[in-house]
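Asks: Chain C is fixed; fit chain V onto it per the hints.
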Amino acid sequence: MSSTTPAAVAAGATGGEPEEPKRPGRVSLGGLSLNLRSSGIYIAFALIVALFSVLTDGALLTPQNISNIIVQNSYILILAIGMILVIIAGHIDLSVGSVVAVTGAISAVLMVNMGVPWPLALLITVAAGALIGAWQGYWVAYFGIPAFIVTLAGMLLFRALTLTVLGNQGIGPFPDQVRTLANGFTSGYLGNVGLGPLGGADLFSLLVALVAIAGMVVSQWRTRTARAGYGQAVEPFAVFVVKMAAGAALILFLVVQLARFKNLPWVLVLLAVLVLGYSLLANKTVFGRQIYAIGGNLQAAVMSGVKVKKVVFWIFVNMGVLAAIAGVIFAGRLNQAGPTAGNMFELDAIAAAFIGGAAVQGGVGKVVGAITGGLIMAVINNGMSLIGSPSERVMLVKGLVLLAAVAFDVWTKRRAGAAA
Amino acid sequence: MTDHILRMTGITKTFPGVKALQDVNLSVRRGEIHAICGENGAGKSTLMKVLSGVYPHGTYEGDIHFDGERCAFGGIRDSEHAGIVIIHQELALSPQLSIAENVFLGNERAKRGVIDWNRTNYEAGLLMKRVGLRENPTTVVSDIGVGKQQLVEIAKALSKEVKLLILDEPTAALNDDDSAHLLDLLRGLRDEGITCVIISHKLNEVTAIADSVTIIRDGRTIETLDMAADEVTEDRIISGMVGRALDNRFPPHEPKIGEEALRIEDWTVHSPSQPGRKVVDGASLTLRRGEIVGLAGLMGAGRTELAMSVFGRTYGINISGKIFKNGRPVEIRTVQDAIRHGLAYATEDRKRYGLNLIEDIKRNVSAAGLSGLSRRGWVNEHEEYAVAERFHKSMNIKAPSVSSVVGKLSGGNQQKVVLSKWILTEPDVLILDEPTRGIDVGAKYEIYTIINRLADEGKAVLVISSELPELLGLCDRVYALSEGRITGELPRGEATQERLMQLMTQATTTGQE
Numbered sequence: 001m002s003s004t005t006p007a008a009v010a011a012g013a014t015g016g017e018p019e020e021p022k023r024p025g026r027v028s029l030g031g032l033s034l035n036l037r038s039s040g041i042y043i044a045f046a047l048i049v050a051l052f053s054v055l056t057d058g059a060l061l062t063p064q065n066i067s068n069i070i071v072q073n074s075y076i077l078i079l080a081i082g083m084i085l086v087i088i089a090g091h092i093d094l095s096v097g098s099v100v101a102v103t104g105a106i107s108a109v110l111m112v113n114m115g116v117p118w119p120l121a122l123l124i125t126v127a128a129g130a131l132i133g134a135w136q137g138y139w140v141a142y143f144g145i146p147a148f149i150v151t152l153a154g155m156l157l158f159r160a161l162t163l164t165v166l167g168n169q170g171i172g173p174f175p176d177q178v179r180t181l182a183n184g185f186t187s188g189y190l191g192n193v194g195l196g197p198l199g200g201a202d203l204f205s206l207l208v209a210l211v212a213i214a215g216m217v218v219s220q221w222r223t224r225t226a227r228a229g230y231g232q233a234v235e236p237f238a239v240f241v242v243k244m245a246a247g248a249a250l251i252l253f254l255v256v257q258l259a260r261f262k263n264l265p266w267v268l269v270l271l272a273v274l275v276l277g278y279s280l281l282a283n284k285t286v287f288g289r290q291i292y293a294i295g296g297n298l299q300a301a302v303m304s305g306v307k308v309k310k311v312v313f314w315i316f317v318n319m320g321v322l323a324a325i326a327g328v329i330f331a332g333r334l335n336q337a338g339p340t341a342g343n344m345f346e347l348d349a350i351a352a353a354f355i356g357g358a359a360v361q362g363g364v365g366k367v368v369g370a371i372t373g374g375l376i377m378a379v380i381n382n383g384m385s386l387i388g389s390p391s392e393r394v395m396l397v398k399g400l401v402l403l404a405a406v407a408f409d410v411w412t413k414r415r416a417g418a419a420a
Numbered sequence: 001m002t003d004h005i006l007r008m009t010g011i012t013k014t015f016p017g018v019k020a021l022q023d024v025n026l027s028v029r030r031g032e033i034h035a036i037c038g039e040n041g042a043g044k045s046t047l048m049k050v051l052s053g054v055y056p057h058g059t060y061e062g063d064i065h066f067d068g069e070r071c072a073f074g075g076i077r078d079s080e081h082a083g084i085v086i087i088h089q090e091l092a093l094s095p096q097l098s099i100a101e102n103v104f105l106g107n108e109r110a111k112r113g114v115i116d117w118n119r120t121n122y123e124a125g126l127l128m129k130r131v132g133l134r135e136n137p138t139t140v141v142s143d144i145g146v147g148k149q150q151l152v153e154i155a156k157a158l159s160k161e162v163k164l165l166i167l168d169e170p171t172a173a174l175n176d177d178d179s180a181h182l183l184d185l186l187r188g189l190r191d192e193g194i195t196c197v198i199i200s201h202k203l204n205e206v207t208a209i210a211d212s213v214t215i216i217r218d219g220r221t222i223e224t225l226d227m228a229a230d231e232v233t234e235d236r237i238i239s240g241m242v243g244r245a246l247d248n249r250f251p252p253h254e255p256k257i258g259e260e261a262l263r264i265e266d267w268t269v270h271s272p273s274q275p276g277r278k279v280v281d282g283a284s285l286t287l288r289r290g291e292i293v294g295l296a297g298l299m300g301a302g303r304t305e306l307a308m309s310v311f312g313r314t315y316g317i318n319i320s321g322k323i324f325k326n327g328r329p330v331e332i333r334t335v336q337d338a339i340r341h342g343l344a345y346a347t348e349d350r351k352r353y354g355l356n357l358i359e360d361i362k363r364n365v366s367a368a369g370l371s372g373l374s375r376r377g378w379v380n381e382h383e384e385y386a387v388a389e390r391f392h393k394s395m396n397i398k399a400p401s402v403s404s405v406v407g408k409l410s411g412g413n414q415q416k417v418v419l420s421k422w423i424l425t426e427p428d429v430l431i432l433d434e435p436t437r438g439i440d441v442g443a444k445y446e447i448y449t450i451i452n453r454l455a456d457e458g459k460a461v462l463v464i465s466s467e468l469p470e471l472l473g474l475c476d477r478v479y480a481l482s483e484g485r486i487t488g489e490l491p492r493g494e495a496t497q498e499r500l501m502q503l504m505t506q507a508t509t510t511g512q513e
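As given, the protein sequences belong to chains C and V, one line each in that order.
Per full-length UniProt numbering, the first sequence starts with residue 1, numbered consecutively.
Per full-length UniProt numbering, the second sequence starts with residue 1, numbered consecutively.
Bound conformation, chain C alone:
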């Protein structure tokens, strides 16, 4: 702060830093150079999927099971999207489980007890989530209480509110539309087509997949040409083609499997929209950049004119909104809002973010990473239950995976630090 610290004198006297740039945690595969720290998570995901495919004799990747994994974990993944932003900014949110419960309860009271039309009830519930986020954001950003404490208090507060609203009993059933959103699938608008040995599949889903692939290729191609136009180095054309082909194959595989079962789950559509939207928010908007700046170096962000309090406030509002969406989906899936809904969800969401490459100190993380982290947990859960592991062993493995993921992050960072 002041020019009077002895350390500053020493720094002035000592001066220079070593110059050589080292690149720890990078491996080179032919022409492809991979940053282990940022891409390790995707490699790990692929390995875990491969492992459980073998262990379950392919049951993991059957059409119905893929659909189950997505539907059963959608609310955790939605929470993970909000959580990664909170964590990038250097904060934490322990209350999301309770917020899921209270927003589920609010939606149930509105739709079931009061008969409010479901779109309006949904809107009110989301607004309530925003209000909850604003409450917590105020204490964290403007009052200066550590998020750990504020959201720990919130965890109790909103659970208490849930019990008050529900009167300690479940409320249901939900309107069909809400249940469809949470648990249902797109209709076979265009009928089925035969896929030879794979049997019949929903044509509409396949078309959606083709549109998604086309969108991916076109947007990536435009980015690539624009970069080249600005004189930036771009990856070789062959690498680009391989990447696009791999991405297309992945989407196609996923959708074909789903189309053979019951078409696209609505929550998958919702998730795809959220992931795309929040990835853009994090990378391409001023707001997103400021989140990274705050987490990377709070003081430098302040001195660069970032309105830190405002940004942190809105991050919590956003978390509240996403928790409300997750709350409605969870309640809709169970067809009942219960007093214990969302229990421990906060831990799953936080674990997803950290497994997905977020740094404990903040400033690092990706939406896609958090989703991948959540899917790793989901696949471990699902795969282990398919091979009949008892739940305590599932818990054990998940705990170790979380520890290993963060240990890996700390380890690569220490190696990077040794070079700097």
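Do not take every clue at face value.
[What the hints assert, rightly or not] Calculated cross-link-like contacts (lysine-lysine; reagent style DSS-like; alpha-carbon spacing at most 25 Å): (1) V:K393 to V:K351; (2) V:K163 to C:K307; (3) V:K19 to V:K444; (4) C:K413 to V:K398; (5) C:K284 to C:K243; (6) V:K398 to V:K19; (7) V:K278 to V:K256; (8) V:K351 to V:K325; (9) V:K444 to V:K398; (10) V:K444 to V:K351; (11) V:K351 to C:K309; (12) C:K413 to V:K129; (13) V:K111 to V:K160; (14) V:K325 to V:K256; (15) C:K307 to V:K325.
Derived by calculation from the structure, the hints in this document are not laboratory data.
Replies: What follows is chain V alone, placed relative to chain C:
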């Protein structure tokens, strides 16, 4: 032969790329008060860290003889065990503990692991009496003033049976009464046989209290003066501290000075940690377009505090005074205001306040000027890349690409990133706080060239620096700051190191609150 309690001979300490100390000799006689003087960054603190074992034996060259024995301290514990205690300027007290607890911290009065509170408080009381601290031993340290906290530190040193007491800028944060009391105390300790080494910028205090003074400049010992034998005046010490020649370390520059860009009037800032203390006291200064203005001042004079308080009130409380931009009064309450009014401030501590070290060059360059690179909240990443690439070339930032992580660049290149970040905001006034700190000579020249270029573009530049030759070589006009007050203003032709040093060490006679 005189009895020397401490003899440091041929001390050389090298950091990667920089020789911080070179063949330094220091001899301290038993039972004297020995002052060490030198400019900021001359190597005083490094020398004291070598002595106290912060830099352990083996990381430096040379010999230390203390109390007749050759020393090889492996850490602070070893040196304290030998009887050397260092009191840093930033006090190392635990604010929520009592005076007695602090005095015996790490040295607890205990029986079988259980603290004997009666003995603790009784013995603390005795030590407090010795240092003239009239407080209850159970008073919590955060409830007493800085002057008294300083005394707690000394009592703590006495509890360790200190033979050599080192004080780093002991009076920098004290008011006149507390300073006078402290100096009296040091005289008393000397009479009890405790040798003191005092590092101080306040030359009036040095001449008043010291028996001898060693002057260090650029990591070398210049001379040791015996205050009794030699006729030592403040001027004599100053000439020793600054006596180096200016050479061709500065690019030639013809200033084209225009109209007034920024004027600060009667600017007063209070310390947030000691609300009564004025860190900046009625300072007024003017910056004009195309002009490079220097701000000289010693550690603790309030240079950074002045700059940060102007830059969106990022330091200080109870700030009063007026700011005029282009002759019109402006209100600058936040960093956003400051940027909007065309101000930029490049901090003295790049790593803590200037850069996001885990991000790459382009995102650091765009950090303050992102609004200019975006439309309706969406960042144009290609434009961002192009801008960063432009600075990469024009500032000669040595890095493989603008996607290189900033934390891995050298100090000089990091500074260029900071400057790029602020130039992108298109400021009219740039405040550069220690722009060449920790940067090697070649990169310094580049930074000077950039500063000249900014001035030629019609920007007003305020350079804060601890290095007087830098201010003299670079600036068209230099203000001197001492204890929060502007004590003088010298144009290029009249500024010399001696005159500046006089102004910088000039004690303000008016008492502080």
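Asks: Against each hint, give a clear statement of whether it holds in the structure.
Replies: Right, here's what the structure says about each hint:
1. Restraint check for V:K393 and V:K351: the C-alpha separation of about 23 Å stays at or below 25 Å, so the hint holds.
2. For a cut-off of 25 Å, the pair hint linking V:K163 to C:K307 is broken: about 52 Å separates their Cα positions.
3. Between V:K19 and V:K444 the CA atoms are separated by roughly 17 Å; this keeps the pair inside 25 Å, and the hint holds.
4. Restraint check for C:K413 and V:K398: the C-alpha separation of about 23 Å stays at or below 25 Å, so the hint holds.
5. Distance restraint check for C:K284 and C:K243: the Cα-Cα separation of roughly 22 Å lies within the 25 Å cut-off, and the hinted pair is therefore satisfied.
6. Between the alpha carbons of V:K398 and V:K19 the distance comes to roughly 23 Å, so the proposed pair stays at or under 25 Å and holds.
7. A threshold of 25 Å between alpha carbons decides the hint, and for V:K278 with V:K256 the separation of about 36 Å lies outside it, so the pair is violated.
8. Taken as a hint, the V:K351 and V:K325 pair is broken in the structure, with Cα atoms around 30 Å apart against an allowance of 25 Å.
9. A C-alpha spacing of about 14 Å is found between V:K444 and V:K398, which places the hinted pair at or below 25 Å, so the restraint holds.
10. Under the criterion of a C-alpha separation no larger than 25 Å, the hint pairing V:K444 with V:K351 is consistent with the structure, at around 18 Å.
11. Distance check on the hinted pair: V:K351 and C:K309 sit about 22 Å apart at the alpha-carbon level, within 25 Å; holds.
12. Proposed proximity of C:K413 and V:K129 is contradicted: the alpha carbons are some 51 Å apart, above 25 Å.
13. Our distance criterion of 25 Å between C-alpha atoms is met by V:K111 and V:K160, whose separation comes to about 18 Å.
14. A hinted pair counts as satisfied when its Cα atoms are at most 25 Å apart, and V:K325 with V:K256 qualifies at roughly 19 Å.
15. Taken as a hint, the C:K307 and V:K325 pair is honoured in the structure, with Cα atoms around 23 Å apart against an allowance of 25 Å.
Against the hints set out earlier in the document, violations occur for numbers 2, 7, 8 and 12.
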